[in-house]
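There are 2 protein chains.
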Amino acid sequence: MKCNILYRAFLSWVRTYHLQDLIGDILGGIIVAIMLVPQGMAYALLAGLPPEVGLYSSIVALIIYGLLGSSRVLSVGPVAVVSLLVATGISPVAKTGSAEYLEYAIVLALLVGIIQVMMGLARVGFLVNFLSHPVISGFINAVAIIIGGSQLKHLLGIEMPHTEYFYLLILYILTHISTTNFVTLIIGLVSIGVLVYFKTKLGSSLEIMGLSPIFITPITKTAPLIIIISGTLLVALFDFNQIFDVKIVGNVPIGLPSFTLPIIDIDVWKTLLPTAFIISLVSYIESVSVAEALAIKRRQKINPNQELFALGIANLGATLVGGYPVTGSFSRSAVNEASGASTRLSSIITAILIAITIVLFTPLFYYLPTTVLAAIIIVAVYDLIDIETPKQLWIYSKGDAISLAITFITSLAIGVEMGILAGIFVSVILLMWRTSHPHIVIVGRIGQGQIYRNVKRYQTTTYPEVLAVRVDTSLYFTNTRYLEDQILHITANRPEIKHFILIGSAINFIDSSALDTLGNLQRRLDRTGVEFHLAGMKGDVMDRLERVGFLKKIGTDHIHLTVHEAMKTLNFIN
Amino acid sequence: MKCNILYRAFLSWVRTYHLQDLIGDILGGIIVAIMLVPQGMAYALLAGLPPEVGLYSSIVALIIYGLLGSSRVLSVGPVAVVSLLVATGISPVAKTGSAEYLEYAIVLALLVGIIQVMMGLARVGFLVNFLSHPVISGFINAVAIIIGGSQLKHLLGIEMPHTEYFYLLILYILTHISTTNFVTLIIGLVSIGVLVYFKTKLGSSLEIMGLSPIFITPITKTAPLIIIISGTLLVALFDFNQIFDVKIVGNVPIGLPSFTLPIIDIDVWKTLLPTAFIISLVSYIESVSVAEALAIKRRQKINPNQELFALGIANLGATLVGGYPVTGSFSRSAVNEASGASTRLSSIITAILIAITIVLFTPLFYYLPTTVLAAIIIVAVYDLIDIETPKQLWIYSKGDAISLAITFITSLAIGVEMGILAGIFVSVILLMWRTSHPHIVIVGRIGQGQIYRNVKRYQTTTYPEVLAVRVDTSLYFTNTRYLEDQILHITANRPEIKHFILIGSAINFIDSSALDTLGNLQRRLDRTGVEFHLAGMKGDVMDRLERVGFLKKIGTDHIHLTVHEAMKTLNFIN
Chain D
163 MKCNILYRAF LSWVRTYHLQ DLIGDILGGI IVAIMLVPQG MAYALLAGLP PEVGLYSSIV
223 ALIIYGLLGS SRVLSVGPVA VVSLLVATGI SPVAKTGSAE YLEYAIVLAL LVGIIQVMMG
283 LARVGFLVNF LSHPVISGFI NAVAIIIGGS QLKHLLGIEM PHTEYFYLLI LYILTHISTT
343 NFVTLIIGLV SIGVLVYFKT KLGSSLEIMG LSPIFITPIT KTAPLIIIIS GTLLVALFDF
403 NQIFDVKIVG NVPIGLPSFT LPIIDIDVWK TLLPTAFIIS LVSYIESVSV AEALAIKRRQ
463 KINPNQELFA LGIANLGATL VGGYPVTGSF SRSAVNEASG ASTRLSSIIT AILIAITIVL
523 FTPLFYYLPT TVLAAIIIVA VYDLIDIETP KQLWIYSKGD AISLAITFIT SLAIGVEMGI
583 LAGIFVSVIL LMWRTSHPHI VIVGRIGQGQ IYRNVKRYQT TTYPEVLAVR VDTSLYFTNT
643 RYLEDQILHI TANRPEIKHF ILIGSAINFI DSSALDTLGN LQRRLDRTGV EFHLAGMKGD
703 VMDRLERVGF LKKIGTDHIH LTVHEAMKTL NFIN
Chain Y
163 MKCNILYRAF LSWVRTYHLQ DLIGDILGGI IVAIMLVPQG MAYALLAGLP PEVGLYSSIV
223 ALIIYGLLGS SRVLSVGPVA VVSLLVATGI SPVAKTGSAE YLEYAIVLAL LVGIIQVMMG
283 LARVGFLVNF LSHPVISGFI NAVAIIIGGS QLKHLLGIEM PHTEYFYLLI LYILTHISTT
343 NFVTLIIGLV SIGVLVYFKT KLGSSLEIMG LSPIFITPIT KTAPLIIIIS GTLLVALFDF
403 NQIFDVKIVG NVPIGLPSFT LPIIDIDVWK TLLPTAFIIS LVSYIESVSV AEALAIKRRQ
463 KINPNQELFA LGIANLGATL VGGYPVTGSF SRSAVNEASG ASTRLSSIIT AILIAITIVL
523 FTPLFYYLPT TVLAAIIIVA VYDLIDIETP KQLWIYSKGD AISLAITFIT SLAIGVEMGI
583 LAGIFVSVIL LMWRTSHPHI VIVGRIGQGQ IYRNVKRYQT TTYPEVLAVR VDTSLYFTNT
643 RYLEDQILHI TANRPEIKHF ILIGSAINFI DSSALDTLGN LQRRLDRTGV EFHLAGMKGD
703 VMDRLERVGF LKKIGTDHIH LTVHEAMKTL NFIN
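These protein sequence lines are chains D and Y, in that order.
Numbered per our numbering, the first sequence finishes at 736, counting up by one with no gaps.
Numbered per our numbering, the second sequence finishes at 736, counting up by one with no gaps.
Extracted from the complex, chain D is given alone in its bound form (with noise of 0.2 Å):
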């Protein structure tokens, strides 16, 4: 199975591949590497990480995905949610800094891996529905606000301790303002000013020049590096970190990674699981929406559990060099596509040119302020605020817009991982309350033919002594207490019924529950002389029922082929 998948999507790559797609594939490569150093580093320290941890997981991630992913364009690496859920779900159990902490994050990659490869093999990608619309939302929301809150530092030059809650960090930020350092702030207000000009005038300001667009997206994407190289070289020259106390990055190791074992202790595993698990869907949910929005704009097609899988390896991947936790990036493969990507090729080759950046160009990194970076990232996650969707809710749905209130208030209050918890615990209950409550239909004969509908909307003809109802529904526990509740109802307020039918047109499955409450409602019914007839059943729900000897309990003579057989045995109609 496994070798399968693998040998299908290298090969269906390489089999494919047209000369064309060339210089797309290496210009989206180019501008994507562009954007990934800085942002690779930038991650890499939100997680609580060296810098260099960034572009170790993202060059053999890129590489992987490349061979083994089902998208073209996604571009894999570090993305600020998984960072923030790295650090939130290490830091309660390790020091900000230490070698323990690299180490969890080591084992994080590992898990994510192993539980997303799981999940792929087993095709249970279907467990992202768990995450509903409005705890995305509300979980988005939260993570670009905490995740903005905790650059400010950097964006500020205030130097805080390490706090686990976000309420505490602002707290912390506003009682020490008078602590900021200016020349810091001016660069990381520049360095945001220049990354806003290019995003959302430059383009236009090309176009109007009269340069082609071809050139307009990749000029736009440089800014990054613009403001990396001026930021650093303004630092190197005038020694503002001497002088001004301005916070650089500092030695960034030069060379490829080696290779690395993650540590096997199950105490460790342990703890880490539930955070694992976090982010195996949250990073499986972004890198197929991300995905799959890509692959509708060409008409291509991804698929779902390919790709867990393909992530899943990717993050293994990162674990052999030291890596942490890698996701499909909504901008970069966004950018990637623009670029004029259009196969796995530009991947591979964003990898090879953060391999040679790694190898040539860290030192150049050690001036680089750090505010340059806290500018970057702030820039990049402001575009993940979105109010119109908690308003749209409101006014759609007011069970949904609570989800999304509590997963938004939960994270923000406790913590990210809580919050998500939360929306889904809250999405689940406000789903089982709008299923408790099947749609039940009591139906009559249309004319003299042998069809039954529903008596509200059809002109039809009933018999007192018979209640036949479908429901429009399978059985879960869920739902069944519902039915039995109103037929017991019905059946007391008319004392005249004899015989209740129920229609099995529409039920594809009883669960073990289900199947105990119409046990318990058949006996009830045939107490108060309420004979229980089945009609309509679908073959393989009948093969369960007999297999426990239900059919026999409740008399094979009370099983019918349509509603129309049974009132015929009835002797209602002949």
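None of these hints come from the bench; they were simulated from the model.
Worth double-checking, as some hints may not be accurate.
Because identical chains cannot be distinguished in the list, a pair is counted as satisfied if it fits within a single copy or across any two copies.
What the hints assert, rightly or not - With a Cα cut of at most 25 Å, we get these calculated DSS-like pairs of lysine-lysine:
{"id": "1", "residue 1": "Lys715", "residue 2": "Lys560"}
{"id": "2", "residue 1": "Lys553", "residue 2": "Lys715"}
{"id": "3", "residue 1": "Lys660", "residue 2": "Lys714"}
{"id": "4", "residue 1": "Lys714", "residue 2": "Lys730"}
{"id": "5", "residue 1": "Lys553", "residue 2": "Lys714"}
{"id": "6", "residue 1": "Lys660", "residue 2": "Lys463"}
{"id": "7", "residue 1": "Lys560", "residue 2": "Lys714"}
{"id": "8", "residue 1": "Lys409", "residue 2": "Lys315"}
{"id": "9", "residue 1": "Lys700", "residue 2": "Lys560"}
{"id": "10", "residue 1": "Lys700", "residue 2": "Lys730"}
{"id": "11", "residue 1": "Lys383", "residue 2": "Lys363"}
{"id": "12", "residue 1": "Lys432", "residue 2": "Lys257"}
All figures in this text were calculated on a predicted structure; none of them were measured in a lab.
Once you've looked at the hints, dock chain Y against the given chain D.
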């Protein structure tokens, strides 16, 4: 609202009392008291509490339920399952036998009371649906084994330290079996013998002897009283506690309980809240099942939300006398009914008898051997073991059988609380999986009429340019992705399709995640030149869609009253 419930319940009770019920009520009240005195003490010990706490809790609970409950024969008080949950919840945070431990138990009663009252007032009794049949069965089997196992030390007279894990308990007993106190064991085994004989054989023996059935039930229920009296006399007269070191109950304080206030400490409340939730659900489900089963027998009705409310107030009452959580007892309620009780007066009579016992007779319990109480518990929980359900589930549905197994194994291996949580988790996942593939029906026109039905089941006319689809379910975050995939799959394989019509006749609700997916589907179909139509949507679904501008987005000319209208508008028929 609260007063209204109280008032209605009380009035309906007093107004409708018939004097001819009095004898039955008195007899029921006496027999239940005879059972409850030993059970109340035994279950309190099982919960890790002094024996009198079980009796205190019973008195108030019986009186309050007698005034407010909706079942006529339910007998509330301490029960085995809840006692075990109390021990499981408190023992990790307080030492058994400490003052703190008792205080925590009182807080639990308070929290359970608050939760149940709130659930009753909010009418969210549907939340018990979370506990599916397999989870309850796995849980109860595990509980029976754990409770039985926990009594072995009393039965064998082995002294052992407290342990949280069941397997450690069994391991300890097995490795210390040589320290068995044989006099204790013999008293215990004889007690079990008497209990089993009274329960199984005595009834038919008395019947053969020609005794009137009206006396048989009361007599067979006196076994606990008989063994308690004999056991106590034996130990007291021959100083078995001194000579053979047979453990006895010791001092039970004389006199009615005094008014107690629970401790108010947010940290303690927070720690106990999860346990309180689980107890609230389990206690409610036990009460309601018993109450319903007995009500059906007499064609009476119980009101689930009133039950929740009454149980909640009973727990709050237990709090005020320093008691611990109470619930409806299966065995005592059944005996109450069988002894002839037909109104809630019998509960009040039981309460009075227990109060008299506490005031006058507690010194008599001094020499009561704990092995006798262990015997009573072991015989009681033996009935809870049910091997038939697991077998049936395995035949009926492997998924449900696995839910049961996971609940059972987790309960034994880690603890009953984790077991029930794991069970809920697995059943919800299973439900999500089962409901993630909704039934999708392609419809065609029947004859020349206006009715459109499943093309696979009826002879219909269809048009290659039109795909008309009926979904037999409401649309939720759990199932819409599948719908989207299916439609995209069909339209990709049949490029001649120009119109997709979604028929909403079975759609009662579209949640916001599903709406989001429908929006995506519409955009994706649009890109491939397929127009998106809605037909036969229900009024309130339409209202919601209107509010968020969804109808405008797809174009009001794409919305049709029925499929037939749609076909006419699209000029396929005239």
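Which numbered hints fail: As far as the earlier hints go, not one is violated by this structure.
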